[in-house]
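Visitor: Protein chains in written order, with this note's numbering: chain A, 1 to 419; chain B, 1 to 419; chain C, 1 to 419; chain D, 1 to 419.
Each computed DSSO-like pair below joins lysine-lysine, with the alpha-carbon atoms no more than 27 Å apart: (1) A:K413 to A:K339; (2) A:K124 to D:K124; (3) A:K197 to D:K124; (4) A:K357 to A:K339; (5) B:K197 to C:K124; (6) A:K124 to D:K197; (7) C:K124 to C:K103; (8) B:K197 to D:K197; (9) B:K347 to B:K413; (10) B:K124 to C:K124; (11) C:K197 to A:K357.
Think of the hints as simulated: they come from the structure by calculation, not from any bench.
Below are the chains, spelled out letter by letter.
Number of protein chains: 4
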Amino acid sequence: MNTDVFTAHESNVRRYGRSFPTVFTRALGATIWDEAGNPYIDFLVGSGALNYGHNNPDIIAPAIEYMVGENILLSLDMYTAAKRDFIEAFVDSILKPRGLSYKIQFPGPTGTNANEAALALARKYTGRSSVMAFTNAFHGMSLGALAVSGSASTRELGGVARHDVIRVPYDGYLTQAFDSANYIDSVLGDPGSGIEKPAAIILETIQAEGGMNTASAPWLAEIQRICRKHDVVLIVDDIQAGAGRTGEFFSFEFANIAPDIVCLSKSLSGSGSPFSIVLIRPDLDIWNPGEHSGTFRGNNLAFVTAGAMCKLWSDTHFTAGVERTAAKLERRLDSLVAKFPNCIEQKRGRGLMAGLKCRSQAIVGRVHDIAFENGLLIESSGPNRDVIKVLPPITITDDELDHGIAILDHALKEQANGD
Amino acid sequence: MNTDVFTAHESNVRRYGRSFPTVFTRALGATIWDEAGNPYIDFLVGSGALNYGHNNPDIIAPAIEYMVGENILLSLDMYTAAKRDFIEAFVDSILKPRGLSYKIQFPGPTGTNANEAALALARKYTGRSSVMAFTNAFHGMSLGALAVSGSASTRELGGVARHDVIRVPYDGYLTQAFDSANYIDSVLGDPGSGIEKPAAIILETIQAEGGMNTASAPWLAEIQRICRKHDVVLIVDDIQAGAGRTGEFFSFEFANIAPDIVCLSKSLSGSGSPFSIVLIRPDLDIWNPGEHSGTFRGNNLAFVTAGAMCKLWSDTHFTAGVERTAAKLERRLDSLVAKFPNCIEQKRGRGLMAGLKCRSQAIVGRVHDIAFENGLLIESSGPNRDVIKVLPPITITDDELDHGIAILDHALKEQANGD
Amino acid sequence: MNTDVFTAHESNVRRYGRSFPTVFTRALGATIWDEAGNPYIDFLVGSGALNYGHNNPDIIAPAIEYMVGENILLSLDMYTAAKRDFIEAFVDSILKPRGLSYKIQFPGPTGTNANEAALALARKYTGRSSVMAFTNAFHGMSLGALAVSGSASTRELGGVARHDVIRVPYDGYLTQAFDSANYIDSVLGDPGSGIEKPAAIILETIQAEGGMNTASAPWLAEIQRICRKHDVVLIVDDIQAGAGRTGEFFSFEFANIAPDIVCLSKSLSGSGSPFSIVLIRPDLDIWNPGEHSGTFRGNNLAFVTAGAMCKLWSDTHFTAGVERTAAKLERRLDSLVAKFPNCIEQKRGRGLMAGLKCRSQAIVGRVHDIAFENGLLIESSGPNRDVIKVLPPITITDDELDHGIAILDHALKEQANGD
Amino acid sequence: MNTDVFTAHESNVRRYGRSFPTVFTRALGATIWDEAGNPYIDFLVGSGALNYGHNNPDIIAPAIEYMVGENILLSLDMYTAAKRDFIEAFVDSILKPRGLSYKIQFPGPTGTNANEAALALARKYTGRSSVMAFTNAFHGMSLGALAVSGSASTRELGGVARHDVIRVPYDGYLTQAFDSANYIDSVLGDPGSGIEKPAAIILETIQAEGGMNTASAPWLAEIQRICRKHDVVLIVDDIQAGAGRTGEFFSFEFANIAPDIVCLSKSLSGSGSPFSIVLIRPDLDIWNPGEHSGTFRGNNLAFVTAGAMCKLWSDTHFTAGVERTAAKLERRLDSLVAKFPNCIEQKRGRGLMAGLKCRSQAIVGRVHDIAFENGLLIESSGPNRDVIKVLPPITITDDELDHGIAILDHALKEQANGD
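Construct the complete structure from the given sequences, taking the supplied hints into account.
Guide: Next up, the structure:
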């Protein structure tokens, strides 16, 4: 397998090609094959962008048909039939059954585009410039998004200082004893606190890149209450945790909240085609026409596949399957935690968005390498990269899941030899 | 044609749907059809993202084949065969024939992602935080990109102030008598000028959104000389003007310069699929692995179609056709300028990236509406929106071009009745 | 008493003239007289700038002699005999007896000038731009100083956002249970915390404007340890609490710490003449000659009076007197707290830097007005202005103190009638 | 003369003590004596803070009397008789005769405090955050003031980036052919210029630190017109050029303009005592009581001496003398320019605010040293420090001026030997 082309011509910034030194070609469901025909179970799924598996036939077939029919592929925000169909599917299969009412904005098709649009709208709506964000947050790689991210190396990329960002501790940061929601409430109410009232509070319900930290339902409800009390916009960045990852469509459903703005991307297209939307509480939709834009906001192939994805959520057979798989994954991970106490510190995450906090970055590195050699793709997260992310497709078959977990079990056992 | 869904559920930010109140379905070459079967000549081409026409069969056929074959669609920056093929095609058909040598970075797939990556790299490389940008520039909608843009309404979106941006006058701003390159050279050399040495100068060779303002070859060469003298990174944002739009692949070829960083997107995929790359002078490629990322940087469908696009440039029949079409367009626009002196002030742009500066925004508005009614899609640009952008596919047929220009001629004539 | 001139010609920003509507003329010790000859006990002492009383003869006599002798008054930072004498007195009477070794910088003569110089030096020394500052801090009215201040109305003055300021909770903010020093230590050590390593931590040991909040000795020692651990410069803004106000010369002596930088102003000249200095740990004194300046940094009249002030601290009779007065003041305030529980919530502060936290801003307003009518000047502080500041001269006579406390007692009693 | 104390204990930031290595004691009029009794003619006058000479008896006598009478020295912004007298003198002797009407704000007593207050008020009044400032400007050493200054080394002090500052070329920057006022007018009127409408334009009519660059009367009038057209506050920083330095009281009188805000300091007290005021167009005085403050805003000794200074301007004998001296100085400098063409490039400045632009920094360095050895104090300015500042007291006697010029003549002649 020739990887010289990458070494010679691709920027040094490339990363996964280094940790998975092979060349991939075909992919179906939870399995990817390399050029030599070796199969790999995929617990990485494009960092959460392939929740419905690779080349899911329910999703891809309409796309092929669309292209064969010479239908319009790129349309900015002109009206197209494909876009209309997506909106109807999203409203009917996702919003209405959950009692939610949002206006839909189509920004540029990446998660960071969505977060930037959300922050811009919150600033425009409130007339304030600061935004409150959390320790270990990750919101994207463009300047506005990386400013609100927690990782030092990410934020340094901007080469410029924190832009009007107020950093506060996430649920459970440091100790469970410290009530960070109460702290936020207090500083917002104290004219001497030195902390401006922000335009928005932006948060992930599970901090995937930050180490699979989870916010509790009461904490999320309290943050929503505080936002309403102080007239601050609540933005949930549901880019990685949403679109089905936790087992529910939106990751915040379990907390019974209704954020003012929700950002979706990654698995939203169902196919891996770049796509993102911003859901806006209707009275907050004060955009002027054309005020925010993006060339690829009209990616019709994504409209087609995303519409097909939405319809899955109206199928009780599908949703029951996801629930069953989530329960099974939890059981399997609990077993691993019990079996490898010297290696694993705790299970993290929620539903199919799971993580194993290990006792060191070195352990995770060895597990990663042994897993790859044995046909499993995983990645790490957290400020110290000592958390194994376990993100199988939510549509994974029992056999694939069993096989993947078995490789992981093997790698956890073998890794001790690397000490 | 039912557009109620958009009114009810899409954000107020929608724009083109308002100015083209119909629902589009099929598209081929320079023509789009709406649901009622009405054809429209497309001089807008996705704001420059469809230079090779809609559903160009040379480009789309391999994509359909790729999808049918269940090949991997989303791969982050893992190595894939499709990505390898693209790199080879880009190097062989584009870079080598032009004597250029660049490392290729794959950021998130939008233009603004590419510009943000370029700015971040320039800041990292120089250790400086400021960036110099021009009057009437447009570089995107994320915070770092909109900060360097010129439009007041765009920049206000950030809700925060100019982020380390030094604004300087573009070539020919105000008067041709003022040598803005010399001004830049002087302030960079004067320790009392109050202007820091920037990390980079970022520019478009033609300011499309800014009103189709063109930089001259001597001015571009002078800016490159100044950048080298003061050790400042030269970034050419070739997102709209590149990928063939001016008749050459890169818009700066005519000036015989070699920028340190070049950003490409929009028409790069050839198909409208979201895709962008950053070309980096090899010694400047000091990224650490994974330091900059983006979920959709591995959009394999775009790799496939972009590779097909690149190969067109090795076909002399193709390039000769583009040249001929560019020459024809220029002649036709010169005729319109001569014919409607009360309406058109001057022709702007270069090659197939053309504009008609009109005498008022109202004229442009009327021309736009009459053209639409008669089957032609155009859009306006410029701080006062008084410039008609004329961006046909560079592969447009003679018949389509004749027909489009005829409708434009008619609209220019008829618009006077609206006074 | 004619105050029309002020109403007609002075800016609306004037404040004390409104709350003390009379015209003052003579002043001696703790007493000021107005034009009508009415005396007032001064518990305000120029917001802490007259710790040694008005026109202290030990301090003023040398100044008169200096002026009569036609000695140089303003000298920038040229060497003068008066400056030399001050430096010797400060080193011999203040630094050496306390085992401290600092280089002395003479910035512009106000406290805010000193804080700005300290912050600039810390940024230069560390190469970092952020500064950590506390809830309810106050550091001055120029942009760099107000950015680190806590009060919303103060910071808004800049009209621009927080400049690289990281806000953290002061000792005892919210609850004593929350260990803010541990929180600071943690976020500085966590690469995902979203909080940059700052150039400096700037703090007051007692937050006078913030409501007379006091930091404990263990907390101060811990902050010093954290600064050293993370290589962060510790700046103590001792502008209001220093120069004798707490009963010691430096307010941090009780905690047995040695800050990297100390800022002094207000009472430093002993006479009310504008004067400030920055004390710098010698190895941190990396200024280039002339790199920081200020026209009035060579105010020789202040050198003369400040030198006389310093010498007082070598006089055990003087220091014993201050200690005795501090003890007496504490007893008197404890009595008031016990006597007026419906009015006073708690005593705050330390030594002669005392405050009475009242149960409402309205109570404080009434006490202020009744006290003025009866010949006592006090002011309020705190984010809700519900703290009475009690800052008598540290040289106040027993009679004056008794008289002042008696008026305060009367006002606390009478204020209830205003309900 | 012992200077060891300074070397041992004063910060490395000290500058003038290094270039004038002696210890000064007495001072009268234009002459300073060192400890050894050597006299020096002073063409530096505290960087413009001693326009009325050292220990001017008309100004100092009332101050001594005030101190001897135990009158109040420091009073914050309480009403005092001394302050009332100053306001009356300033209104009657300065404002009224010039037909000007301003409210007077008393900020902290340094120039930078005044500029910070002016900028804060302009931002509050307009609700905008940016400020427009000029190449080679100097406005002070606190963060807000150094942000608007032009010198790279000054601005770097903040350790943080330019704070909402728009830099534009001063009158005559680069070439006289470039009309910088027209450029400003254009960018403020162009929505695509990338330059926000600022809160204020801040300028010096003569850029002293910037190299004694002078703005012409038509340019100043045009800037005032532009400010009014675009609703931007015009701030004249008259700290060094005002209070009599140019021969008029305000440096802008010759241009017949009335700025919205004027900042005065340096020579305002007449005595070298720290003092500054901000003059505010009455309808712009929207400060809330106490919104801006500063401990030393109530420096009564400065009120007394400043009042005495103001009264001088009602004395035609005094004003005639200043005019005569200005004319004489101009003639003498013209002679030097004519006599030393190899050394001096051009005379700069206006009235008694004069400079000699030399052909190199080295020449200026040698002239400075030879002049000092022969009993004359001068300093340099400009981004390349190649301008000799000639700032004698405006009250200098003919003999002193002749003597000073003779030493300068000698130094210019002798310096060639140093080549």
